[in-house]
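Chemist: Heads up: the protein sequence lines correspond to chains A and B, in order.
If you read the first sequence in the numbering used here, its first letter stands for residue 1, the second for the next number, and so on.
If you read the second sequence in the numbering used here, its first letter stands for residue 1, the second for the next number, and so on.
Everything labelled a hint here was simulated from the structure, so no lab data went into it.
All values derive from a computational prediction rather than experimental measurement.
Check before you lean on any hint, since a few could be wrong.
What the hints assert, rightly or not - DSS-like mimics (lysine-lysine), calculated; alpha carbons at most 30 Å apart, straight line: (1) A:K229 - A:K207; (2) A:K84 - A:K238; (3) B:K61 - A:K238; (4) A:K15 - A:K229; (5) A:K207 - A:K15; (6) B:K61 - A:K84; (7) A:K15 - A:K84; (8) A:K207 - B:K128; (9) A:K207 - A:K84; (10) A:K135 - A:K84; (11) B:K61 - A:K229; (12) B:K128 - A:K58; (13) A:K232 - A:K129; (14) A:K238 - A:K135; (15) A:K232 - A:K15; (16) B:K75 - A:K58; (17) B:K75 - A:K15; (18) A:K129 - A:K238; (19) B:K61 - A:K129; (20) B:K61 - B:K75; (21) A:K232 - A:K207; (22) B:K128 - A:K15; (23) A:K15 - A:K58; (24) A:K207 - B:K61; (25) B:K128 - A:K232.
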Amino acid sequence: MINELPRALSDEEHKLISSFAQRIHRLYVARSLNSVVSVEDLIHCGIVGLLEARRTYKAAAGVPFLGYASQRIRGEMMDFVRRKVATVHIPQLQWDRVRAMRDAESELVGEGAQATPSALARRLGWTSKEVAEVKQLSPRLETPAPDRSDDLASSPKGPVLRSNDSPERHATDEEAARLVQECLDGLESVELRTVLIARVLHDTKLKDLAKFFDRSMERIRQMENQAKKRLKECLESKGIASDDLY
Amino acid sequence: MSTDPDNTEPGDGTVERALLNWAVAQGDGPAPHLSADRLGELAGSGGWSLAAPEEQDHLSKCPACLTTLSDLLAKDAGESTRVIPFPKKSRPVMDYGLTEAASTGGVRGPVTSHSAGGDFILRILPEKGRPERGLVTLETAGITAADTDGIEYTVKDSAGNILLRATLRAGRAAARFEHLPNIDLSRGWTLTATQDSEPG
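Make a model of the complete structure from these sequences and hints.
Modeler: Here it is as structure tokens:
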């Protein structure tokens with residue numbers, strides 16, 4: 001039984017949902033030729049995420065409510081986009097790892113040995129965790145047929161993952177997030193990282209950041225551009241491009 | 001050429017997508033968080049230098065705390081926190097409603113639900129003798145019909161099923177719905193205005 005009186009959306013909540021929906025639509029859907037996701041669909045997801053946040057928020061956890069809600073709003077929207085996307089392009093780096101593991105499996109079996117996770121870890125020089133992560137990806141990969149030239153799923157870059165709401169999907173997303181974290185950790189300073197995330201994820205204005213960091217607007221802009229360039233170079237060095245990220 | 005100082009060069013989306021992906025994966029972010037009060041103390045001129053090194057490190061890794069800080073920085077600067085992507089600010093963009101009884105297993109009787117913002121009333125009226133079908137209506141309540149005329153609104157249930165997508169005329173819209181038992185109102189309903197609909 002739902003007895004609570006509904007609380008109207010606050011200005012901050014309204015802004016969060018609107019801005020996230022428009023950003024995600026611009027980044028993931030507007031570029032896609034066969035998109036069926038509208039900004040309104042994403043706003044619906046945002047409201048659902050917000051209501052979930054209101055239901056589950058516990059002040060004792062120490063996170064301010066708006067921040068807590070923003071994660072759920074964004075997560076709900078991204079889950080929706082990911083479900084709607086027909087395919088996921090596997091980054092080249094991950095595909096290389098899948099192939100390396102398959103080669104190692106073949107070698108072990110050819111030698112009469114069992115391709116257990118520990119045997120694979122020893123042969124490849126990986127940790128057991130790495131073997132388990134790549135194994136999750138491996139069974140669901142397929143290489144697109146060469147004649148599907150008008151299919152957005154086909155790509156000269158590598159294989160595609162056909163299932164969206166699957167352990168493999170989650171493994172891909174987690175791996176991508178881990179690589180992004182590595183690249184963020186590699187930025188020269190904590191200040192640079194904060195400027196980048198505030199500008200790119202939150203559209204924080206240059207003048208607000210200039211005041212916060214006690215620097216000029218032009219300096220903040222330089223820091224943003226520098227951080228973006230470094231992050232992009234790092235991602236590309238790890239085999240990640242825009243189409244690989246959902 | 002744009003004169004907006006915040007206008008940045010559009011890239012191919014790699015950095016934005018990467019950070020979005022990363023932000024979603026962070027969940028609630030690393031604990032312990034900065035309290036709302038502490039973020040309020042920092043959200044001013046030179047706030048970064050007032051933060052301890054571990055607070056700075058946390059802000060650089062916690063999308064949740066950075067969201068709150070960004071909002072506070074905007075308020076401190078006296079900026080409006082409302083973003084209205086439509087031509088007229090008076091038109092409601094989004095709202096939601098909850099039903100008085102948990103409606104699991106579909107709609108089995110008449111439903112009347114006011115939106116949280118007070119501007120709309122959603123009604124679901126099963127047909128006599130054929131309760132699996134009925135009428136879904138949306139009407140204005142706390143605002144004038146003129147404010148919403150010509151605007152297309154979409155009402156969805158908790159599962160994302162579209163209950164109604166129609167343009168309001170004289171503050172009202174209605175549509176038939178064929179599968180009332182499939183409606184899920186267990187967590188309420190949402191309403192959004194279509195972005196590019198114009199008054200007419």
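Chemist: Does each hint fit the structure? Answer for all of them.
Modeler: Here is how each hint holds up against the structure:
Note on K229 (chain A) and K207 (chain A): the hinted pairing holds, with a Cα-Cα distance of about 21 Å set against a maximum of 30 Å. Taking the CA atoms of K84 (chain A) and K238 (chain A), the gap is about 26 Å. The hint holds against a cut of 30 Å. Taking the CA atoms of K61 (chain B) and K238 (chain A), the gap is about 21 Å. The hint holds against a cut of 30 Å. Taking the CA atoms of K15 (chain A) and K229 (chain A), the gap is near 29 Å; set against the 30 Å cutoff, the hint holds.
Using a Cα cut-off of 30 Å, the hinted pair K207 (chain A) and K15 (chain A) holds, with the two alpha carbons roughly 19 Å apart. Restraint check for K61 (chain B) and K84 (chain A): satisfied, since their Cα atoms lie roughly 29 Å apart, inside the 30 Å limit. Between K15 (chain A) and K84 (chain A) the alpha-carbon distance is near 24 Å, which keeps this suggested pair within the 30 Å criterion. Under the criterion of a C-alpha separation no larger than 30 Å, the hint pairing K207 (chain A) with K128 (chain B) is inconsistent with the structure, at around 62 Å.
Distance hint between K207 (chain A) and K84 (chain A) is unfulfilled; the C-alpha atoms sit about 37 Å from each other, more than 30 Å. About 25 Å separates the Cα atoms of K135 (chain A) and K84 (chain A), which keeps this hinted pair within 30 Å; it holds. About 19 Å separates the Cα atoms of K61 (chain B) and K229 (chain A), which keeps this hinted pair within 30 Å; it holds. At most 30 Å may separate the alpha-carbon atoms for a hinted pair to count; K128 (chain B) and K58 (chain A) exceed this at roughly 45 Å.
A distance of roughly 27 Å separates the Cα atoms of K232 (chain A) and K129 (chain A); the hinted pair therefore holds under the 30 Å criterion. Restraint check: the Cα-Cα separation between K238 (chain A) and K135 (chain A) comes to about 19 Å, which is no more than 30 Å; the hinted pair holds. Restraint check: the Cα-Cα separation between K232 (chain A) and K15 (chain A) comes to about 28 Å, which is no more than 30 Å; the hinted pair holds. As the CA atoms of K75 (chain B) and K58 (chain A) are separated by approximately 24 Å, the hinted pair is consistent with the 30 Å bound.
The hinted pair formed by K75 (chain B) and K15 (chain A) meets the criterion: a straight-line CA distance of about 13 Å does not exceed 30 Å. For a cut-off of 30 Å, the pair hint linking K129 (chain A) to K238 (chain A) stands: about 19 Å separates their Cα positions. The hinted pair formed by K61 (chain B) and K129 (chain A) meets the criterion: a straight-line CA distance of about 24 Å does not exceed 30 Å. Proximity of K61 (chain B) to K75 (chain B) is assessed by CA-CA distance (about 22 Å); at most 30 Å being required, the pair is judged to hold.
In summary, the hint linking K232 (chain A) to K207 (chain A) is supported, as the alpha carbons are separated by about 25 Å, within the 30 Å threshold. Pair hint K128 (chain B) plus K15 (chain A) does not hold up; C-alpha atoms about 42 Å apart against a cutoff of 30 Å. With a C-alpha separation of about 22 Å, the suggested pairing of K15 (chain A) with K58 (chain A) holds against the 30 Å cut-off. Distance check on the hinted pair: K207 (chain A) and K61 (chain B) sit about 22 Å apart at the alpha-carbon level, within 30 Å; holds.
For the hint pairing K128 (chain B) with K232 (chain A), the CA-to-CA distance comes to about 62 Å; that exceeds 30 Å, so the pair is violated.
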